[in-house]
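Student: In case you want the letters, here they are:
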Amino acid sequence: MAKYKKHILVCGGSCCKSGNSQQMADTFRSMIFERGLQDEVQVIQTGCFGLCDKGPIVKVMPDNTFYTKVTLNDVSRIMDEHIVGGHKVEDLLFVDPETGNKVENNEKGEFHKKQIRIALRNCGVIDPENINDYIAHDGYIALGDCLTNHTPEEVIEIVSASGLSGRGGAGFPTGKKWASSARAKADQKYVVCNADEGDPGAFMDRSILEGDPHSVLEAMAICGYSIGADKGLIYIRAEYPLAIERLKIAISQAEEMGLLGDNIMGSGFNFHIELRYGAGAFVCGEATALIHSMEGKRGEPTFKPPRTSEKGYNLKPTNVNNVETYANVPAILLKGAEWFSSIGTANSKGTKVFALAGKVNNVGLIEVPMGITLREIIYEIGGGIKDGKKFKAVQTGGPSGGCLTEKHLDIPIDYKSLTQAGSMMGSGGMVIMDESSCMVNIAKFYLDFTVPESCGKCTPCRIGNKRLYEMLDKITKGKATMEDLEHLRNLSVVVKDTALCGLGQSSPNPILSTLDNFWDEYVEHVQDKKCRAGACKDLVRYEINPAICLGCTACARNCPVDAIHGELKKPHTIDQDICIKCGTCYTKCKFNAIRIN
Amino acid sequence: MAKIQTLAELQSLRDKLVAQRAEGEKTPGSVVIKVAYATCGIAAGAKEVLEHMEQKAKELGVNATFVKTGCMGYCYAEPTLEVLIPGRESVVFGYVDEMRADDILTKYVINNEFVEGIIPVNYETID
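Line by line, the protein sequences give chains F and R. If you count the first sequence from 1, position 552 lands on 551 in numbering that gives the first Met the number 0, and the numbers rise without skipping. If you count the second sequence from 1, position 8 lands on 7 in numbering that gives the first Met the number 0, and the numbers rise without skipping.
Wrong hints could be hidden among the right ones.
[Claimed, not checked] With a Cα cut of at most 30 angstroms, we get these calculated DSSO-like pairs of lysine-lysine:
hint, chain 1, residue 1, chain 2, residue 2
1, R, Lys25, F, Lys334
2, F, Lys389, F, Lys53
3, F, Lys4, R, Lys46
4, R, Lys106, F, Lys4
5, F, Lys112, F, Lys388
6, R, Lys46, F, Lys385
7, F, Lys4, R, Lys25
8, F, Lys247, R, Lys46
9, R, Lys67, F, Lys87
The set of hints was computed from the structure by calculation and includes no laboratory data.
Could you build the full structure based on these sequences and the hints that come with them?
Tutor: Set out below in structure tokens:
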């Protein structure tokens, strides 16, 4: 039986902690003790509630009372009026922003949450290796409904009307793509799932395949029915072994139950799904390269048109969508196009899954409605910047995207607005950077990724990107001139305009967006030979502050190249000609006497 | 297993499964523990925690069903797990190591005492 009668949950997220929630929890505990209630009331600190603008937050259970903007002075009131007296503290109650009413019992619905899970609806909820779990969550009902009650044309119409667009990055309307494959005349057509997720830091597709593989299989079968294909192929990277294993289990379970295979649910429609493994080349995420790779050829892109929807795998009409796009489809067919298109902005419907990474407190896999702002994502879902540092930039779209800054924090994000701001939606990588990140170095990082991933087929990408990388390298080493900055921009534009495929056309984006948004930093590197973030090694000088240094010799003893000299108990100095800027002295010094200039 | 022949058959199977699960959720003493078991969760220690917890539950005589699910999305707090107990709101716990796993079983499951590491659910989902 329950030992405690009441639980006081105090938010221990970093936003609330900065609002003194730690002291509140301590105060609650001591007040409970003073009142002799330690056997009846328990105080627990929780993770972030995702309602940071209303913090600090205190929730009283089992009453489901949600107190917002609590201060240290309110603790005794909550204690005496609510916990002891049994009356809720009116003026601290959460106010429903839609109705303006104070909410006394927040059992269901609670507050408007920033995240809506559609593609991730079953992730973390069902057992992905048990088809019955999926069926209990309406699994394969959408497929059955299509086969039984809708013509292929009707299915395409619903998908078109929903406004769903490609979640792999480019945002091409899914219904339009399906219609194009459906129109093509051929004896054989294919449905392909692009699971070649390759952006650094992106793991949305892997998570969906590992957590809810059936939703992708069901959607592929629905697509097959609507375009007239009886064969599906999933192109997945071999370095996703768990996703592969769960997909294999899911396929065999679905076949066993007659939900995939021949004569599905007695409809006469056949659909078989096979896996194809990729070796992990970034370019194979591009649809034409992906198809060549599946055909056993080199994974190189070819010129479009013809589009894959007309001539794809084995030169047959092939519909290629990515994992997240498919994962949305069963939900759309179950709940209707109107429901889906009611979420999002005028030109981008539904939600987007992001892998939120970098310098935020709550890194995680999130799914947010289109139209949310970066500020909401970073400060409310992400819980703000780590270690109380200052926000500097957010990178979206991986190597094809760009860096956005403070001034973009409040634009509602969708395909169009992100492109206008100089970045792109991309497949969903979102890396948050703080003041310790050097933007030139970040651009260099992405080019460093793109250069070896270029397939080499076209010159702008093969040679252009290499030259761009070399220029960035020169800048980070303090050896560039203002003329180089000019060249950097010009060549970026040339590569963007002339490369063969999407990979090459977008690879200069990280450079162009940082040139636009962080021009000062580039100029500083060139003219002042200075890196304000202290990230470019060659521009950094480690120095010892003689006013602080006690001469403990810790730095000198640990310096791997003996660059530090000085007598015991007297300030030391660093010989800049010998120093390799490894940073050992900086970490070894217990007195913060080492400065980075 | 017999193949499903019609949509109606699938729907009735779904209804049966939903009813079974609802029944299970009401049965006193039943505990379902869902462990976020994606690649990243496993890398963060979900496998060790799960094995340890299964053993511990047996020792304590807790009738718990363990389910391996996919990613719950709380990367910052892996390993994470969700505990579902009839009559209580489900609770997600993060940063679960073997010690916290023991606490969850002995304090939360058996005594209905909360333990540290609760992660409030911060998303809406569809029915």
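Student: Look at each hint and say if it fits the structure.
Tutor: Results of checking the hints against the structure:
1. R:Lys25 / F:Lys334: Satisfied, since the Cα-Cα distance of roughly 28 angstroms is no more than 30 angstroms.
2. F:Lys389 / F:Lys53: 21 angstroms, holds
3. F:Lys4 / R:Lys46: 34 angstroms, violated
4. R:Lys106 / F:Lys4: Since the Cα atoms of lysine 106 of chain R and lysine 4 of chain F sit roughly 14 angstroms apart, the hinted pair holds (cutoff 30 angstroms).
5. F:Lys112 / F:Lys388: Holds. Lysine 112 of chain F to lysine 388 of chain F sits at ~26 angstroms (cutoff 30 angstroms).
6. R:Lys46 / F:Lys385: 28 angstroms, holds
7. F:Lys4 / R:Lys25: Distance ~22 angstroms between lysine 4 of chain F and lysine 25 of chain R Cα, so the pair holds.
8. F:Lys247 / R:Lys46: With Cα atoms ~21 angstroms apart, lysine 247 of chain F and lysine 46 of chain R stay inside 30 angstroms; holds.
9. R:Lys67 / F:Lys87: Measuring from Cα to Cα gives roughly 39 angstroms; hence the hint is violated.
Checked against the numbered hints given earlier, the structure breaks hints 3 and 9 and satisfies all the rest.
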